[in-house]
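Protein chains in written order, with our numbering: chain C, 418 to 955; chain R, 9 to 367.
Any given hint could be a false lead.
[Said to hold, decoys possible] Pairs of lysine-lysine, DSBU-like flavour, derived with a Cα cap of 35 Å:
hint, chain 1, residue 1, chain 2, residue 2
1, R, K31, C, K867
2, R, K197, C, K846
3, C, K851, R, K131
4, R, K118, C, K880
5, C, K774, R, K68
6, R, K31, R, K248
7, R, K167, C, K869
8, R, K193, C, K851
9, C, K851, R, K92
10, R, K119, C, K867
11, R, K293, R, K219
12, C, K846, R, K20
13, R, K31, C, K873
14, R, K68, C, K867
15, R, K193, C, K869
16, C, K846, R, K92
17, R, K167, C, K772
18, C, K869, R, K293
19, R, K20, R, K252
20, R, K145, C, K846
21, R, K20, C, K867
22, R, K252, C, K869
23, R, K77, C, K869
Read the hints as simulated data drawn from the structure, not as lab findings.
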Amino acid sequence: MTKYNFWFFSSFIVAAIVALPILTVFSSFFLETSFYFDLLKKTFLYDYIFNSLTLLIFVLIFTFIIGVASAYFVSFYKFPLSNFFSWALILAFAVPAYIYGFSIIAFFENYGTAFTILTNLFGDFNYNIYIPKPDGLIGSVISISLSLFPYVYILTRSSFLYQSNNYIEVGHNLGLSEKETLLKIILPSARPAIIAGLALVSMECLSDFGTVSFFGVNTLTTGIYNSWLAYDDLNTANQISFVLLLFILVMFSLEIYSRKEARYHQPGRGFKPIQKIKLSGKKSLFVFLFCFTVLFVSFIFPVSQMIYWTLKYPKYFSDINILTINLNTIIVVGISSLILVSISLIINYGNRLSKNKILNYLTNFSISGYAIPGVILAVAFITFFSNLSDLVSENTNFGSTKKIFIGSIFGLILAYFIRFFSLSFNGIKSSYEKINNSIDESAYLLGYSKAKTFSKIHVPYLKNNLILVVVLISLEIIKELPMTMILRPFNFETFATQAYIYASQDLLEAAALPSLFLIGWASILLLFASGYILSKKN
Amino acid sequence: MIIWLITFFEVKDADFIASDKNKVKNVNLKIEKQGEIITLLGPSGVGKTTVLRTIAGLQKINKGEIYLKGNLLSSDSHHLEPEKRNIALSFQDNSLFPNYRVIENINFGKKRSNGNKYVYEDKDIIKLLHIEPILEKFPHQISAGEAQRVSLARSLMSKPDLLLLDEPFSNIDQNLKDELQNSVKNLLKKINLTTIIVTHDSYEAFSLADKCGIILNQQLKQFDIPYNVHHEPNSIEVAKFLNKGVFVDVKVVSSDCAVHSLKHKELGEIRGKLLNNFSEGSKVKLLLQPEDLIHDDQSSLKLEVVDRKFRGTNFIYTLKTKSGEHLPVFVHSHHIHQHEKAEKFGIKTPIYIDHLVCF
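Using the sequences and the accompanying hints, generate a full structural model.
This is how it looks when you write it as structure tokens:
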């Protein structure tokens, strides 16, 4: 078969475009440090690292407890509303951590929602001194944990579903109690899935920008943002990125390793699905209350807070041009996800056909974009296209090309493309790999060309998967904040940026409406994809 | 009717290579007339599928040439793409398109139905292959055997010049297998479709084929009519692979008259026709097949029974000579009495074997 054909070259070009800004991030680590970076090293850099690590450790502890416990309860037990909880618990994904942060502050602040509730219930009193103030690091830990625990929940639950009842029955047969079965059989088998979930949580936590900046916690991410925006020092921003990337790469490797391990946990012949145990009495009440509390705190609470504010301050309906924001969001999300999925599909086919090692390496490198935090990628994006523009204008008659890529819709979509290419590529690849090569060969032998095989056999087969990948990517783009903040055109707002801008101006009540729309859209997308996300295979 | 003056299909000095282990080298194979059925028989992993894939154009060759109807398909410098060969291959794993119904899968075959003209209608093929009840089902809703039949139907619909079948009956129930083998053979003959079938089942290979090739140790060892392959294997390797008998040490007594004579230390004289030339007095190995020795209770030549297996229509007794050789003997299962282990078992003498296969 020809290795160097149209499919190879188109795949190669796209993979190279995605890989170039990522290469910029890596190459910038070796640039000379600036004065500001030296100053930072003597002052705040260790605080940034300390805060980032403290945040990470507590978020990992909380997401582990909430994610694994709720996955265990809904997978192994029958209790009131257990089926409802099994999908409803993923709704927390629809609430970005920074919006959760707005809700916490709004609820617990002086004369906030908690104060109003207490006053309405028990009459006038200075409740403010008794209402806790989950501010700073504590607020960040709570917000990020409750927003990210679904990663652990989904992967652990999926791993539990793969566990054969035979193992559990053997455990009982060997005289293990319920608790011993959990600790000695169930949890160790799900270990790769739990670690993969926690690694994803770590990556998201370390790259969080909106929440920590809202709570005023200085972490490595805010350090990058401040170096670039406040001090106009791209070099320092890149140097801090290096430190952050080291942490992220460790987590990324851990996640990949865990997934490889997880392959050994696929059910084989003789697989017997888990027989759920019906709970009653106190046990049933405890488990129900646990799941209900998690759902309430992670989803119902922030949504109620946003609805309450939106209704309390209806003037923002007219102040905020919500239609334009809806349109903006739909345009960037729609175009980006469609382009991402179409091109990922073509590259997957190119890889399948050419089986070329160089293309394979390049594609693998270009999908590492997902591991790089949005802030770093945005800075790298600007660095790369500024340098490119300078190079072009110095050597040709063309003027500056900066405007094409920086502060434009095109640039924003390109940045989303680089950031989420991995998600889209891998999402399609997982289904593509299920199409046996002999299917392609059968088509050739029946007289179909490569292009016809692609359009008549592959695309119809992957149709459902493609729709789901579009949905999942849309979900990510709707919630994306730092890259959109940095790269969007002037006065171009999405739900995420509008909510964040109001919140950073202390206008939390104004942030409620765009936040509510964001959660609403994200919830619709999540419900659409929930069947797929929660299926045994995914 | 078109009469081909040139060889219909030919492989000349070709190497078929998939990997270091999986290769068949220096193959020469000719199908003179259109409509012949060829089977390639060999153990698993020997490279039979590689041969089919290469003929279909899914793999290249780096030595030799492949011709179909006088046109060059493959050589070290030429490779006609599979979609342009008008050769259909029905894979062992059936490779049905999972998102299309059975009928849609079959209709995919019609795209390139510009080759042979069949006397059979599409619906006849569907009926003959017992596919009618599953036409509206998806591939995951049918059994492996049904999927194989659908795959075969799809290949037939494309009306190819050459049909390649990779283990086409391997997943089909024994009850249906015999009937299906007969119907498929009749159909292929009726539509005059040249076919190469790969299998590891010698009964299947012999019953379907006009000619049968044996692939062993990376070589096409023998290519002949099934009768000859069975009765006149051309090497110890082929005989051992077919696993139809044992080799015993004998001495050639006379080889220059119409009936040749061999001598075994314990069995005595063995008569028959030597297939190869050996001089008198040479020591050779003779292939003894289970049907060669005949049971006779009255005979003075008696051997000890060491094993007895019931095979439905007959028993296979394993007899031991004093020198430790184990000889298989068929006895009809309706034979008046049975012999237990350690009992003595009489063999009719002198022993007469039509074909004396010696090496």
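(request) Just pull the numbers of the violated hints for me, sorted ascending. (result) Numbers 2, 12, 18 and 22 - these are the hints that the structure violates, sorted from lowest upward.
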